[in-house]
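From first to last, the protein sequence lines are chains A and B. Per numbering that gives the first Met the number 0: the first sequence ends with 311, consecutive numbering throughout. Per numbering that gives the first Met the number 0: the second sequence ends with 285, consecutive numbering throughout.
Quick caveat, the hints were computed from the structure, so don't treat them as lab data. Yeah, the Cβ is synthetic: ideal placement off N, Cα and C, and Gly gets one too. Check the hints yourself; a few may be wrong.
Said to hold, decoys possible - Taking beta-carbon pairs under 7 Å as the criterion, some of the chain A residues facing chain B (in silico):
| hint | residue |
| --- | --- |
| 1 | Ile12 |
| 2 | Gly17 |
| 3 | Phe136 |
| 4 | Ile138 |
| 5 | Ile143 |
| 6 | Phe146 |
| 7 | Val206 |
| 8 | Gly241 |
| 9 | Leu244 |
| 10 | Gln265 |
| 11 | Leu284 |
| 12 | Phe287 |
| 13 | Val288 |
Said to hold, decoys possible - Short derived list, chain B residues pointing at chain A, Cβ under 10 Å:
| hint | residue |
| --- | --- |
| 14 | Ala19 |
| 15 | Ala216 |
| 16 | Leu238 |
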Amino acid sequence: MLRFILIRLATAIPTLLGMSFVAFAIVALAPGDPVMMELRAMGIVPEPEDIAALKAQFGLDKAFLPRYLEWLSRAIRFEFGTSVATGRSVLSEIAIHLPATLALAGSALVGAVIISLALGTLAVTSNNVAGAGLRGFTILLVSIPSFWMALLLIHAFVLQLGWARLVGDGSAWDLVLPALTLSLGAGAALGRVVFERVRAEKSEDYVRLAIAKGLKPLPIMLGHIAPRIIGPLVTAWANTFGGLLGGAVIVESIFGWPGLGQLILQAISQRDFPVIQAYLVFMGLIFFVTSLLADIVVVLADPQLRRRLNGD
Amino acid sequence: MTERGLRIPALRLGLRGGTAGLILGLVLLTGFAAISLAPLIFELPPPEKMDLLARLAAPSSTHPLGADHLGRDVLSRLIAAIPVSLGAALMAMAAILMIALPWGLIAGLAGGRVDMVMMRLADIVMAFPTLVLALAVIGFMGASLEASIIGVAAAWWPSNARLVRALVLSAGQRDFVRAAYLGGASRLRVVLRHILPQVLPPLAVIISLETASVLLALSALSFLGIGAQPPTPEWGAMLNEARPFFAQAPHMLLAPGLAVTLAVLAFNLVGEGLRDLLDKREPYQW
C-alpha cells in the first residue's frame, strides 16, 4: 500500500510541474506589460531607463525559462508576492478566504452525496413510470443554473419565509442556504452517475447469478453491486469537489459568503495578477490532493486491485 | 409482472427509449430558433431602447414581460439574447471540438508514446477545476464574452479529448476493424469507413451534454459580470443586472433564468435521449 502511494506520488510530479508551468505561463503570456501598468497606476510617466531598472528588479529582463525556474522556487515556498490591489501578501489574502470556501465546498459535497444516493437508489428501485419521472426531475435539477437556483431559494427562504438572512457573519447557519444551492445541482448530477452505474452492474452476469440463487434485491444491492460501484463513485465525488470549488465562486458572490470567490472576482476586475495566479495554484493543489485521496480509496475498495498490488 | 402486458406501446417507447425526452428537447431547441426569428415578423421594441417612464414596470400589454431598470423591454432583450447566449455556447463547443477531436483521434490511433504524452498534457490541464481555470484565463485576458468563450474552451477541451480517445480505442478493438486491416485496407480507409461511423453516435451524445454544461458555465460567467458586458443582451448578464432590483421587480429575474434553464434542459434532454436510443443493454430484473 505504502509503495502504491509512493509510486502514485512519483508519477504525479510531472503533472504538478506541468500545472505550475501552466499557472506561470498564463501570467507570462498575458497581454499587457505589468511594469508599465504598475507605473501608470502610480501616475508616473516612465523614462526608458526607469523601465529597464524596474524590469531588472522584477527579473523581467531574463528569458522565459530562468524566470519560470525562479518563480517555481518561490512558489514551492508559497511565496506569490504582494497583491497589486491591496498591497498585502497574496498568501495572507488567500489564507483569510480559503477556509470559508473549503467549508462551503466540503459541506456542499456532503449534501450532494446524500442527495445523489437518495435519488439514485430511488430511481433504480422504483417502477418504470416513477423511475422515468424521477429521471426527468433529475435532468431538470441538473439544468437549473446555480445562480438562478440561489435567487429562487433566497426568494423563498429569505424574502417569503424569513428563515434565513442574506447578510450573514460567516456562522454555520449562514452556510446552509449556499451549501444547499450548490449541492442540489451537484447531487442531481451525481445521482445520474449512481443510476448509470447501478444500471450497468445490473446488466452483468453475476447479478443474474445472484437473482438465480434466490437472493433478495437488498442483499444484491448491498452485497454485490455496492462494493463494485464504490470505486467509480469516489472518483466522481472527487471530480464533483473540483466542480464545487469553481462553482463556489458563483454562490459566494450571491450570498456574500466571505470565501475566495469574492477575492478572485475583485482580482479579475482589478487585473491583480499575483492573486489570480495564487488562486489557480491553490485550487489546483487542493483538487490534486482530493484526486490523490480518491485514487487511494479506489484501490482500498477494490479487492482485485489490492491483491495485484500486494502480489507482485 | 402482470403490468408488463398492459403497457401502452407509445408510453413504453417514450419511457424506455427516452424518446419523449429527445422529442421534447428537439421541440425546445426548434422553439428557441423560431423565437429568435420573431423580431422579423412581429413589432418588438429594440432591445437597447430605453423608456425611463417604464422603469421596472410590471408585465403589461406594452411590455409583455415587463421592463428592466432602464425601461428596456425584457421580452425583446430576452429574444435578442438567444443568438448571443446560444451562439456563445455553440462557438465554445466548436472550439472545444476543434482541439478535442484531432487530439483524441491521434492519441487513440497512434497509441504508445504519442498517446502517453498527449494524454499527460491533457491531464495537466484537467488537474485544475474547470471553472477555476476559466476564471484564471478571463482574469488575464480581461472580462469580455470572447475571453469567457476562450476560457471555457481552454478548460473544457481535455475531458472531451479523453472521451474521444476512449471512443476511438473501443471502436478500434472491434473484430471487423481488425478484419479490415487484415483485408489490406489502408489506415485512412479503416479510420473513415470503420472507426468514425462507430464514434459519431456516442459523440453526438457527448456534444449535446457538453453543450449544456458549457452553456451553464458561460451564463454563470456573464452573471458574475466577467462574461458578456452590458448592454449586450445575454441571459446571465440580464440576471446580473436584475440583482439589485430583486425585491422590487421579481419579473426581471424570472424570465432570463427560465430561458437558461430551458435551453440547458433542451440540450440535456437531447443528449440523454440519444444515449438511451444507443444503449442496447437490458438490466436483469428481479
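- Does the structure break any of the earlier hints, and which numbers would those be? Failing hints, ascending: 1, 3, 10, 11, 13.
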